[in-house]
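S.K.: Now for the letters of each chain:
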Amino acid sequence: AQSVTQPDIHITVSEGASLELRCNYSYGATPYLFWYVQSPGQGLQLLLKYFSGDTLVQGIKGFEAEFKRSQSSFNLRKPSVHWSDAAEYFCAVGPNSGGGADGLTFGKGTHLIIQP
Amino acid sequence: NAGVTQTPKFQVLKTGQSMTLQCAQDMNHEYMSWYRQDPGMGLRLIHYSVGAGITDQGEVPNGYNVSRSTTEDFPLRLLSAAPSQTSVYFCASSHGGLYNEQFFGPGTRLTVL
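Respectively, the protein sequence lines represent chains D and A.
Taking our numbering, I'd label the letters of the first sequence as residues 1 to 116.
Taking our numbering, I'd label the letters of the second sequence as residues 1 to 113.
Source of the hints: derived by calculation from the structure; they are not laboratory data.
The C-beta atom is built at its ideal place from N, Cα and C for all residues, glycine as well.
One thing to keep in mind: the hints can contain errors.
[Stated by the list, open to error] Okay, derived cross-link-like pairs now, DMTMM-like style, lysine to aspartate or glutamate, Cα gap no bigger than 20 angstroms in a straight line:
id, chain 1, residue 1, chain 2, residue 2
1, D, Lys108, D, Glu15
2, A, Lys9, A, Asp56
3, D, Lys49, D, Glu66
4, D, Lys49, D, Glu15
5, D, Lys108, D, Asp85
6, D, Lys61, A, Glu101
7, D, Lys108, A, Asp38
8, A, Lys9, A, Glu101
9, D, Lys108, A, Asp73
10, D, Lys49, A, Asp38
11, D, Lys68, D, Asp85
12, D, Lys49, D, Glu88
[Said to hold, decoys possible] To give an idea of the interface, some chain D residues facing chain A are shown, with a C-beta separation under 10 angstroms as derived from the structure:
id, residue
13, Tyr27
14, Tyr32
15, Phe34
16, His82
17, Trp83
18, Ala86
19, Lys108
Make a model of the complete structure from these sequences and hints.
M.R.: Next comes the structure, spelled out in structure tokens:
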């Protein structure tokens, strides 16, 4: 079965600094990869996704992520964070199949704190 | 569009009680899912549906039932609540597949005493 590891439970970044959130996955083939963001008291919102093609994907709110097959990673980046980026970030992986067999497997999340 | 709505927002139950968490979407999405979110555990899939009349189990289905009589509604039933079911429950919907963008509701925070 697939698995997702987000090594950092908490990350603190100064406003205006760059950000990288790590995500490693375990899967036998090329997975579907996702990053979701959860603001306090809210549901999750999709930031970006990778299915195939260009390994650098652009998302909403100025985020991007790069799929590196050799490292089984899908790290999320932003060049300059804003105080409004403070939230919980989840990486998720899905089977690369045509059906809806098992749904998404989510990582445990990384809590991003923005320092003024 | 209201998107995905969930009721209630908060609920406290005693062990052994039953209840239904409501979920509705007005986007005509075929796919709907229920997740639970526990501290330090991320989200785990409970049940999902690929269309009206069709449901299937996810990663943690025990203790929960679902049905999908209409495209819009996907209620989650707890038959006999247990403290281990204390969690935040999210409903989500998507168009075209579970691996397309999922739209999440605001969640229901359930406490079982």
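S.K.: Determine which of the earlier numbered hints do not hold for this structure and return their numbers in increasing order.
M.R.: 1, 2, 4, 8, 9, 10, 11, 13, 16, 17, 18
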